[in-house]
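*Asks:* Make a model of the complete structure from these sequences and hints.
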Amino acid sequence: MDIIITYGLTKKFGDLTAVNNLSFNVKKGEIFGFLGPNGAGKTTTIKMLTTLLNPTSGTATIAGFDIIKQRDEVRKNIGVVFQEPALDVELTGKENLEYHARMYGLSRDKRKKRINDVLELVNLWDKRDVLVKNYSGGMKRRLEIARGLMHYPVVLFLDEPTLGLDAQTRRAIWAYIKKMNKEEGTTIFLTTHYMEEAEYLCNRVGIIDYGKLLVIDDISNLKNSVGKDVITLSCTDADRFVKILENEKWVEKIKRHEGLVTFGVEKGDEKIPEIIEIARKQDIKIKSISVRKPTLDDVFLSYTGRTIRDEEGQVSSKGRLSLRFRGGR
Amino acid sequence: MLDIIINIAKKEFIDNIRNKWIIIITILFISLTLLASYAGSIYSEGWQDLGSTMSVMGGLVNFLITIIALILGYSAIIGEIEKGSMDSLLSLPAKRIEIILGKFFGLGIVLTFAILTGFGTAGIIIGFNVHNVNYVEYLIFIGATILVGLVFLSIGIFLSCLFRKRSTAMGSAILVFFLFTILWRFIVVALLFFINAFDIKNATLPDWYLALNFFNPINAYEILLSLNIPSLAMQQVEAITFGYTSFLNTTNVLIALILWLLTPLILACWVFKNKDI
Ligand SMILES: Nc1ncnc2c1ncn2[C@@H]1O[C@H](COP(=O)(O)OP(=O)(O)OP(=O)(O)O)[C@@H](O)[C@H]1O
Ligand SMILES: [Mg+2]
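Protein chains in written order, with our numbering: chain A, 1 to 329; chain B, 1 to 277.
Since the hints were made in silico from the structure, they are not lab data. Incorrect hints may appear among the rest.
With a straight-line cut-off of 20 Å between C-alpha atoms, the simulated EDC-like cross-links for lysine to aspartate or glutamate are [what the hints assert, rightly or not]: (1) LYS255(A) / ASP239(A); (2) LYS140(A) / GLU82(B); (3) LYS273(B) / ASP66(A); (4) LYS95(B) / GLU73(A); (5) LYS20(B) / GLU90(A); (6) LYS110(A) / GLU90(A); (7) LYS69(A) / GLU90(A); (8) LYS27(A) / ASP88(A); (9) LYS110(A) / ASP207(B); (10) LYS94(A) / ASP15(B); (11) LYS293(A) / ASP229(A); (12) LYS275(B) / ASP72(A); (13) LYS10(B) / GLU90(A); (14) LYS69(A) / GLU82(B); (15) LYS83(B) / GLU90(A); (16) LYS140(A) / ASP109(A).
On a predicted model such as this, the values are computed, not experimentally measured, just so you know.
*Replies:* Spelled out as structure tokens, the structure:
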């Protein structure tokens, strides 16, 4: 059964088409990942699906309710954790949950029980009476997830749930997400630009870039579509070598990226000697070569023509810059 | 519906207790009233009765209530948007109209509470110190002040929905404040001379000029007070000189103020409903 169905969902901000004609389905009970670099339109999509933004055209249904005509019904069936933290920092963790629970009209007994349950789930029971302004980043994120779960939503939207968290906290949050998907049967729609995150959590992913959905499929199918094995090599005269390899029938989805040539093949180990032989004949020198099983990074590269790390690289180099700046003072 | 409005209102009230706003306003009102009573008159020493206190405060309260109500109102919606918490509020089952009403009632209670306890406490203290206290008049004064406060709260919330940035909302609130408290009298006088309707021989003002009072909530408030509190009416020079035409009566002025309260609130709901956050 499809719990989310979108029909040509589009959002324009002036001249910019942030989300361009999206049509896809999400099945009940799955963890669906929306992958895309910065500015791809992930948050805008979530905001439309959660009735915060009106689509410019197109529509969608969630649990059978239309996001334009039945906004209130839609909101009763969803929980949302936004990319930007949105907790009341002047309230304690428990008070934040209380407030939300009341908005969903949970009775006093249910409220109490449910608050305990979700606090246990994300391991914040000890900190329930601490003001949220004294929480760490990871604790805040966990509390937001707990809050999103308060009312047993049919679908939980998580916009970049682990952005900016350290590896350990990130793993912990992954575990909570898996747990609630399994224990409560919540369908999860998450966006991320961490490949490992999608790889670890999701059954199916969609790749979005410049507002357009490039592909949507099971992760294993996507990987297979890149090739059984992925070969990465660096060599002299890479442009020419790419042209030559393109003519070989067994070479799939060849891409050049930052001086590296990447492509898919079957039985990669056995193909290496052949590749080296071709290079030698053409007077091209191979400096390094490797074979591995494809990852989502390869899938992403093959569909968008760049790695998602390019984007992250920009972000982290900015971070370093500011650090150096501060350090220099 | 009601549950959600109450829940939002309650939250708004608690927020204003925690950020001490409510205490600050209350203390301001108490000290202002006591000061007006004790030191307000240069002709006599010591405590003045409530009537004179009210007349000393009259002009000041207009300014103060207007500005406080606008400050409470203008950031209600835009502040939450800029803080980033509006997204999560909007993702809850609450309808947008319920959010506006919840905010209005919550902040309205903050204002009402501050006025009641502020002026009330001061009134009781004054009552202990003077003989002739007319509490009925004083209660009318408090009631009218609450009403005009709610009017400006409602205007503030409307401005809060109208703009995309807190700073523009604040700017517009300041403009509204100056318009109704200061600029208004110049505008209407200019209008009077421009249209040249002032009949000097009879020294009567045209009806439309008097009717303009309905379009400024502060004027409406002042007329409401002078119509119902005799000791204040004595001080109202304008009232004595020109007299009030029959349509400037308590009922009509009350209706005007209630319309002033409802219209911005309805507009706020409508604007907010169609707004992209
Ligand atoms: N309210 C808005 N007004 C104008 N442009 C907007 C608005 N919101 C988003 N955009 C633009 O729409 C595009 C998509 O933004 P969106 O936030 O959906 O990206 P994203 O995929 O969530 O990116 P990130 O990974 O950085 O969170 C961007 O170019 C952004 O600048
Ligand atoms: Mg985003």
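*Asks:* Please go over all the hints and tell whether each is borne out by the structure.
*Replies:* Hint check results:
A hinted pair counts as satisfied when its Cα atoms are at most 20 Å apart, and LYS255(A) with ASP239(A) qualifies at roughly 10 Å. Pair hint LYS140(A) plus GLU82(B) holds up; C-alpha atoms about 19 Å apart against a cutoff of 20 Å. Taking the CA atoms of LYS273(B) and ASP66(A), the gap is near 17 Å; set against the 20 Å cutoff, the hint holds. Proximity of LYS95(B) to GLU73(A) is assessed by CA-CA distance (about 10 Å); at most 20 Å being required, the pair is judged to hold.
Restraint check for LYS20(B) and GLU90(A): the C-alpha separation of about 12 Å stays at or below 20 Å, so the hint holds. A threshold of 20 Å between alpha carbons decides the hint, and for LYS110(A) with GLU90(A) the separation of about 25 Å lies outside it, so the pair is violated. With a CA separation close to 35 Å, the supplied pair LYS69(A) and GLU90(A) exceeds the 20 Å bound. For a cut-off of 20 Å, the pair hint linking LYS27(A) to ASP88(A) is broken: about 33 Å separates their Cα positions.
The hinted pair formed by LYS110(A) and ASP207(B) fails the criterion: a straight-line CA distance of about 62 Å is larger than 20 Å. At most 20 Å may separate the alpha-carbon atoms for a hinted pair to count; LYS94(A) and ASP15(B) meet this at roughly 16 Å. For a cut-off of 20 Å, the pair hint linking LYS293(A) to ASP229(A) stands: about 5 Å separates their Cα positions. With a C-alpha separation of about 16 Å, the suggested pair LYS275(B) and ASP72(A) falls inside the 20 Å cut-off, and the hint holds.
In summary, the hint linking LYS10(B) to GLU90(A) is supported, as the alpha carbons are separated by about 14 Å, within the 20 Å threshold. For the hint linking LYS69(A) to GLU82(B), the alpha-carbon distance of about 27 Å lies beyond 20 Å, and the restraint is violated. For the given pair, LYS83(B) sits about 13 Å from GLU90(A) by alpha-carbon distance, which is consistent with the 20 Å threshold. Restraint check for LYS140(A) and ASP109(A): the C-alpha separation of about 25 Å exceeds 20 Å, so the hint is violated.
Comparing the model with each numbered hint stated earlier shows that hints 6, 7, 8, 9, 14 and 16 do not hold.
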